[in-house]
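Colleague: For reference, the chains in residue letters:
Protein chains: 2
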Amino acid sequence: MASSADGFHALDEKALLEYIKATPALAKQLGNQFEGLQIKEVGDGNLNFVFIVISQSGSLVIKQAIPYVRCIGESWPMAKERAYFESKTLIEHGRLSPDHVPEVYHFDRAMCLIGMRYIEPPHIILRKGLIAGTEYPLLAEHISDYMAKTLYFTSLLYLTTTDHKRAVAEYCGNVELCRLTEQVIFSDPYKLSKYNRCTTPYLDADAEAVRKDDILKLEVAELKSKFCQNTQALIHGDLHTGSVMVTQNSTQVIDPEFSFYGPMGFDIGAYIGNLILAYFAQDGHATSENDRKAYKSWILRTLEETWKLFHQKFTALWDEHKDGPGEAYLPEIYNTAELQLLVQRKYMEDLFHDSLGFGAAKMIRRIVGVAHVEDFESISEAEKRANCERQALNFAKTLLKERRKFKSIDEVISAIQQVQS
Amino acid sequence: MASSADGFHALDEKALLEYIKATPALAKQLGNQFEGLQIKEVGDGNLNFVFIVISQSGSLVIKQAIPYVRCIGESWPMAKERAYFESKTLIEHGRLSPDHVPEVYHFDRAMCLIGMRYIEPPHIILRKGLIAGTEYPLLAEHISDYMAKTLYFTSLLYLTTTDHKRAVAEYCGNVELCRLTEQVIFSDPYKLSKYNRCTTPYLDADAEAVRKDDILKLEVAELKSKFCQNTQALIHGDLHTGSVMVTQNSTQVIDPEFSFYGPMGFDIGAYIGNLILAYFAQDGHATSENDRKAYKSWILRTLEETWKLFHQKFTALWDEHKDGPGEAYLPEIYNTAELQLLVQRKYMEDLFHDSLGFGAAKMIRRIVGVAHVEDFESISEAEKRANCERQALNFAKTLLKERRKFKSIDEVISAIQQVQS
Ligand SMILES: Nc1ncnc2c1ncn2[C@@H]1O[C@H](COP(=O)(O)OP(=O)(O)O)[C@@H](O)[C@H]1O
Ligand SMILES: Nc1ncnc2c1ncn2[C@@H]1O[C@H](COP(=O)(O)OP(=O)(O)O)[C@@H](O)[C@H]1O
Ligand SMILES: [Mg+2]
Ligand SMILES: [Mg+2]
Ligand SMILES: [Mg+2]
Ligand SMILES: [Mg+2]
Ligand SMILES: [Mg+2]
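Residue numbers (full-length UniProt numbering), protein chains in the order written: chain A, 1 to 421; chain B, 1 to 421.
Derived by calculation from the structure, the hints in this document are not laboratory data.
Fair warning: there could be bad hints in the mix.
Below 25 angstroms or equal to it, Euclidean Cα-Cα: the simulated SDA-like pairs (lysine to any residue) are [claimed, not checked]:
1) B:K322 x B:R292
2) B:K401 x A:K212
3) B:K226 x A:D319
4) B:K226 x A:R292
5) A:K401 x B:K397
6) A:K384 x A:K322
7) B:K212 x A:E320
8) B:K322 x A:Q183
9) A:K88 x B:A169
10) A:K407 x B:H321
11) A:K401 x B:D350
12) A:K212 x B:A169
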């Protein structure tokens with residue numbers, strides 16, 4: 001295994017064992033027990049290698065970035081320095097929301113390698129739970145907590161301009177991952193691209209309609225420009241239901257390699273957009289034993305609670321820290337309860353509309369862009385899948401274009417329900 | 001003259017002469033002639049020292065930043081590293097708009113010292129020309145050219161995300177100057193501050209009304225957040241009429257020490273806001289020989305032309321370079337003349353409203369904040385001055401709150417005219 005000039009080499013299971021033995025911070029987590037050690041590569045993502053390592057007295061996960069997009073191959077190079085930003089954000093978001101982010105044990109910048117807590121079974125990827133039809137009673141509570149804390153505390157509502165600009169500058173370095181998002185979310189779905197695909201032939205006309213929809217393109221441009229220019233908070237950058245691991249009692253957010261200072265609505269939107277995708281996929285998972293009706297209601301309730309709890313927690317943090325270091329709304333200026341309410345309403349309304357817009361864009365790209373979601377992909381019958389996808393796509397188009405007309409999450413939920421009534 | 005550990009020391013005339021002699025790039029501009037050399041400190045600004053240096057066969061200007069706010073004193077420290085950003089932006093904006101930016105001969109980072117072209121008489125500071133009632137027939141043409149080129153070419157309309165983020169990161173270093181703007185423009189006027197002043201007692205109630213105006217504060221918060229978060233283009237950052245030097249044939253923009261990646265509307269607004277201040281000051285300069293009516297019309301015509309020419313030049317650059325490196329609007333997506341028009345209309349409408357908002361905020365702070373403008377200060381009779389200022393203040397408040405209702409610059413001009421009808 002040749003090491004390149006910059007000290008990087010991709011590890012296989014065997015080389016990883018040697019690496020762990022030579023790294024006290026990792027060896028320690030395994031109780032320095034290497035006999036009968038199990039190492040298994042489980043990376044199901046698009047980009048990286050993930051190894052689960054289990055000894056008799058401990059466990060850990062090793063994630064290593066490689067210098068290209070794993071699911072495409074070496075023909076699509078991708079900055080392996082993303083691992084640096086992933087580890088930095090795991091640490092920062094973990095500090096802010098320790099209950100919902102795995103602990104980082106070790107980071108090796110040259111090797112682009114992160115050692116972190118193994119989120120052990122029965123944790124599964126949320127997306128898989130949603131496909132299986134499993135309810136998670138604490139999910140909305142947990143994810144809203146994670147989003148409220150990570151977004152509030154890294155925004156100018158809490159940070160000084162000095163701290164904010166310093167952090168913004170550093171995360172500008174994660175530009176290649178931002179460019180990947182720009183391409184696959186804000187560009188490719190709206191033009192012919194060799195990477196795009198859809199459930200053909202059923203959705204060919206729908207995909208073409210997306211490429212010819214001027215109003216949609218106008219709105220997507222606005223979202224793209226916010227994504228590229230608005231340094232609102234340290235966002236996760238890839239907060240879909242495949243970046244969340246869950247049990248009935250626990251919610252863990254992984255994989256912030258796309259993180260940078262961007263619009264909060266991009267995270268909230270990624271999450272709620274993927275919940276809505278899960279909703280529209282349910283009919284494809286219905287069987288004679290389980291029509292999934294109750295589960296669909298649960299998804300919508302979860303969607304509702306997620307936004308409402310986020311709103312509540314975020315504004316509570318704002319109230320609690322209004323005399324804190326943040327310089328956006330100085331207490332000497334925003335000095336009455338009435339005015340505080342007025343500015344919060346405006347802020348939250350804008351954030352709501354951003355979230356709906358980004359959520360819709362995330363939905364669209366999962367149906368006509370390069371990377372699809374298992375929610376739909378696991379519906380084996382193509383026509384049935386296409387029908388589910390079409391409903392989701394049409395709803396997303398409306399949501400993107402009309403987002404400013406929605407005054408509350410309840411109105412969004414009514415609109416979702418009307419699609420199938 | 002003691003030199004501090006970082007190699008900085010403030011120069012007086014004598015030390016400057018030695019410095020120039022020892023610096024070939026500067027000595028050359030003087031034809032290496034030091035006999036009968038004239039050196040004169042002319043800094044009239046709030047922050048720095050500016051020396052004009054004239055020899056028998058050449059001339060130059062030396063600008064040196066000092067580590068505090070000159071007009072306040074050492075009690076208000078200010079990053080002298082601003083000189084680095086000023087020189088960087090002079091060079092970058094000078095490359096994009098060479099006719100309207102003085103050439104940089106030399107930059108000394110440790111000494112925070114810039115050597116640049118002397119913008120020789122009859123050039124005067126535009127603000128002084130506006131007070132004197134002088135018309136500048138090419139002003140709108142020139143300044144719109146400067147703004148269109150510097151803003152277009154440093155935005156994502158022209159830059160790749162990679163180049164843009166690299167530049168954004170670097171200019172995050174000019175944070176102290178951004179914080180000064182945040183304080184004096186977006187904060188102090190809206191609260192009690194020891195630095196605020198106004199034409200007392202006449203405007204005391206008006207200043208208080210500003211501090212109690214919830215809607216105004218709500219709108220100012222939105223502008224402040226754009227200022228802090230929206231990295232739209234490399235803006236000058238202090239583009240008032242005191243940063244422009246003019247003759248009948250020439251327009252030169254100086255003093256970009258506040259430059260950073262921020263909202264374009266902040267520059268356009270600074271400029272047009274200060275033109276409108278000049279307009280409202282005219283009644284205070286009227287005499288029995290010159291009622292200033294014709295001059296007021298000229299200012300409004302100039303205002304109109306400035307926006308219209310800017311609009312025209314900016315969109316022409318966009319059309320011309322639509323297949324260029326910029327990634328914001330890919331030609332494969334924005335692929336019809338109709339759609340191109342649609343997105344440009346939206347972009348320019350948003351930019352127009354931003355410009356009006358920032359312009360209004362700049363006006364307000366010059367009447368009830370720390371730094372006033374000579375346009376009004378030179379009206380010696382306090383009550384007369386207060387009346388002019390009150391008209392400007394009331395107009396600015398309306399403009400800030402109602403900016404989204406203005407569809408064109410003509411409507412803005414009508415509104416200005418109605419104030420005095
Ligand atoms: N800390 C962890 N604990 C347990 N499983 C993990 C952990 N991190 C990643 N995984 C597993 O590896 C998969 C891929 O990890 P992820 O960080 O999403 O990689 P990628 O960036 O390639 O998408 C996840 O879907 C999950 O199943
Ligand atoms: N290149 C120049 N040529 C001629 N005069 C200049 C030049 N630069 C500055 N000045 C004069 O010095 C004054 C202060 O310069 P400026 O750059 O605005 O400093 P400050 O940052 O302190 O406001 C200007 O108002 C102008 O009169
Ligand atoms: Mg992943
Ligand atoms: Mg990933
Ligand atoms: Mg100046
Ligand atoms: Mg000045
Ligand atoms: Mg200055």
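Colleague: So, against the hints stated earlier in the document, which numbers end up violated here?
Modeller: Checked against the structure, the hints that fail are numbers 1, 2, 4, 5, 6, 10, 12, while the rest are satisfied.
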